[in-house]
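Numbering (this note's numbering), first residue to last: 2 to 546.
Hints are not guaranteed to be accurate.
Across the chosen pairs, the derived CB separations fall in these ranges [as the list claims (entries may be wrong)]:
# : residue 1 : residue 2 : range
1 : Lys486    : Leu377    : 21 to 27 Å
2 : Glu273    : Asp209    : 34 to 40 Å
3 : Ala374    : Glu269    : 42 to 48 Å
4 : Glu275    : Val88     : 18 to 24 Å
5 : Gln340    : Leu484    : 57 to 63 Å
6 : Phe380    : Lys486    : 31 to 37 Å
7 : Ala214    : Leu349    : 20 to 26 Å
8 : Met367    : Glu273    : 35 to 41 Å
9 : Leu484    : His110    : 54 to 60 Å
Don't read these hints as lab results, they were simulated from the structure.
For glycine and all other residues, C-beta sits at the position ideal for the given N, C-alpha and C.
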Amino acid sequence: MSALLAEQMFVLFAILAIGSWLGQLSFRGISLGGAAVFFVGLAFGHFGLTIPKPVMDLGLLLFVYAVGLQAGPRFFRTFRKQGRVFVMVAGAGILAAGVITVVVARLFHIPYAVAAGMFTGAVTNTPALAGAIDAMNRIDPAQAANVSVGYGIAYPFSIVGITLLMQFLPGLLRRDVKAAEAEWLALNKAERSQLVRKQFRVTNPNLDGKRLAELDTHRLSQVNISRVRHGDVVVAGTPDVMLHLGDIVMVVGTANELEKMRLLVGEEANVEMEATSRAISRDLYVTEASLAGKRLMDLHIWDRYNVIITRIRRQGVEITPVGTSTLELGDTLRVVGDQAAVEQFARLVSGDTRRIEETNMVPFLMGLVLGIALGLIPFRLPAPEGVAGAGVTIKLGAAGGAFLVSLVLGHFGRIGPFRLYVPSAARNLARELGLMFFLGGAGANAGTQLVKVIVQQGPGLFLAGAAITVVAALVTLWVTHSLLKKNLLTTMGLLSGVMTNPPALAAANSQTTTDVPAVTYASAFPVVLIFKILLAQILVQLLRL
Numbered sequence: 002m003s004a005l006l007a008e009q010m011f012v013l014f015a016i017l018a019i020g021s022w023l024g025q026l027s028f029r030g031i032s033l034g035g036a037a038v039f040f041v042g043l044a045f046g047h048f049g050l051t052i053p054k055p056v057m058d059l060g061l062l063l064f065v066y067a068v069g070l071q072a073g074p075r076f077f078r079t080f081r082k083q084g085r086v087f088v089m090v091a092g093a094g095i096l097a098a099g100v101i102t103v104v105v106a107r108l109f110h111i112p113y114a115v116a117a118g119m120f121t122g123a124v125t126n127t128p129a130l131a132g133a134i135d136a137m138n139r140i141d142p143a144q145a146a147n148v149s150v151g152y153g154i155a156y157p158f159s160i161v162g163i164t165l166l167m168q169f170l171p172g173l174l175r176r177d178v179k180a181a182e183a184e185w186l187a188l189n190k191a192e193r194s195q196l197v198r199k200q201f202r203v204t205n206p207n208l209d210g211k212r213l214a215e216l217d218t219h220r221l222s223q224v225n226i227s228r229v230r231h232g233d234v235v236v237a238g239t240p241d242v243m244l245h246l247g248d249i250v251m252v253v254g255t256a257n258e259l260e261k262m263r264l265l266v267g268e269e270a271n272v273e274m275e276a277t278s279r280a281i282s283r284d285l286y287v288t289e290a291s292l293a294g295k296r297l298m299d300l301h302i303w304d305r306y307n308v309i310i311t312r313i314r315r316q317g318v319e320i321t322p323v324g325t326s327t328l329e330l331g332d333t334l335r336v337v338g339d340q341a342a343v344e345q346f347a348r349l350v351s352g353d354t355r356r357i358e359e360t361n362m363v364p365f366l367m368g369l370v371l372g373i374a375l376g377l378i379p380f381r382l383p384a385p386e387g388v389a390g391a392g393v394t395i396k397l398g399a400a401g402g403a404f405l406v407s408l409v410l411g412h413f414g415r416i417g418p419f420r421l422y423v424p425s426a427a428r429n430l431a432r433e434l435g436l437m438f439f440l441g442g443a444g445a446n447a448g449t450q451l452v453k454v455i456v457q458q459g460p461g462l463f464l465a466g467a468a469i470t471v472v473a474a475l476v477t478l479w480v481t482h483s484l485l486k487k488n489l490l491t492t493m494g495l496l497s498g499v500m501t502n503p504p505a506l507a508a509a510n511s512q513t514t515t516d517v518p519a520v521t522y523a524s525a526f527p528v529v530l531i532f533k534i535l536l537a538q539i540l541v542q543l544l545r546l
């Protein structure tokens, strides 16, 4: 047995397996979820069983990278609408943590290096810890180790406390998760203008005898004519179909755009237009790499394949296809046409269905390389007025840089000529496995020092670190929930984001079927990261005075 425990890979996966099993257990509907891995790691670490730090770093990289890829398609749109909210919430919570750090350091006469480390641990931010250590090395290298001591004191309570708070938060706020989901889904549906289909009877005499190609509907509205019924015959709405008075056309688009078609075509109708051999409808996955980035107008789909694309679904968002619309790997196309034409087109776009399960590793790995490089670039800020020194040099850290790159990569879907496609299953695996690697490593490494540090420094120091966490969390909740009246799911995402607490995010995600906490966490993360790195290094200067 001792030989097995000496093997660090065995210890790692034992922690993950036991923690995952414990996380699935629940008591009165409450479970630890992914955070159980951290607690098991603490127990293993207390008995001297550790995990290599590179494994923990790799896990954190994979986790933040996968979260960024998931949030990227929606991040910029969300930030444009709620950027001020993120800045306000992040600024209030982090500034409160900084102020209480100074207060407890003065009251309890805590060494300034330890206090700076306690700030980074209380807000669970490793890049901020690295920034504080770097600032300390420039001021007093002999005290740099004490920064890590302070981090180790405050970090466990923050991880555990915020994760447990997330589990009880719906009950404490007297808010129902299902009601919050319904509220968000209703708002999201209204904002995203889901595509719908309507039928119109041709009553405009100017359309009698006109081919669909002559209507040029995209100049009038962003819609697509899916099917046309003439008498008892239903055909696909291809360009050569001729309209006659009394025909019924089925049109797909948003509600506002369909109203324009009603004015052009005629009164709304409700007539049976079921699929026939001459007008079937199928959903096709785009798995052919040569089509990625191609515009529909350049593919000449109407002319070559005699089919109509009425919808494009990408990352959960429906898009009305027009000539300038581009295709991306993983898109779902709603295609209408006669059976033979649809099957021929299916062979073009979904010829090799295995590709829908494959990750394009070149841009995936290039994004990680660029992110790590970005995180290592130092940025120098001038010293505050009246404070001696040459200023503060900050770094985002490997995880921070990888996260920012993944947001951009998730949004644009490419690096130069290389297009990125990561199946949702692969993205979820990277996120969950990365999170468990990080939690297992963090727990095991913290467990080796936790008891010793508490004994040496006394429980008062531990309580001081807890106070920083509690004040930051309470201020964040007050601003988000009471002042801004945000949805419960958004509140959970913002709280885990302001505390940069992956286990808390995992706890929030386990309570909902939506991705609201993850998207909110990712949207707030860049602002939070920059604020914490800056404040950690500024605190080193202020606490030293």
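Hints and how they fare:
no.: 1; hint: Lys486 to Leu377: 21 to 27 Å; in the structure: 41 Å, violated
no.: 2; hint: Glu273 to Asp209: 34 to 40 Å; in the structure: 23 Å, violated
no.: 3; hint: Ala374 to Glu269: 42 to 48 Å; in the structure: 57 Å, violated
no.: 4; hint: Glu275 to Val88: 18 to 24 Å; in the structure: 52 Å, violated
no.: 5; hint: Gln340 to Leu484: 57 to 63 Å; in the structure: 58 Å, holds
no.: 6; hint: Phe380 to Lys486: 31 to 37 Å; in the structure: 36 Å, holds
no.: 7; hint: Ala214 to Leu349: 20 to 26 Å; in the structure: 22 Å, holds
no.: 8; hint: Met367 to Glu273: 35 to 41 Å; in the structure: 52 Å, violated
no.: 9; hint: Leu484 to His110: 54 to 60 Å; in the structure: 35 Å, violated
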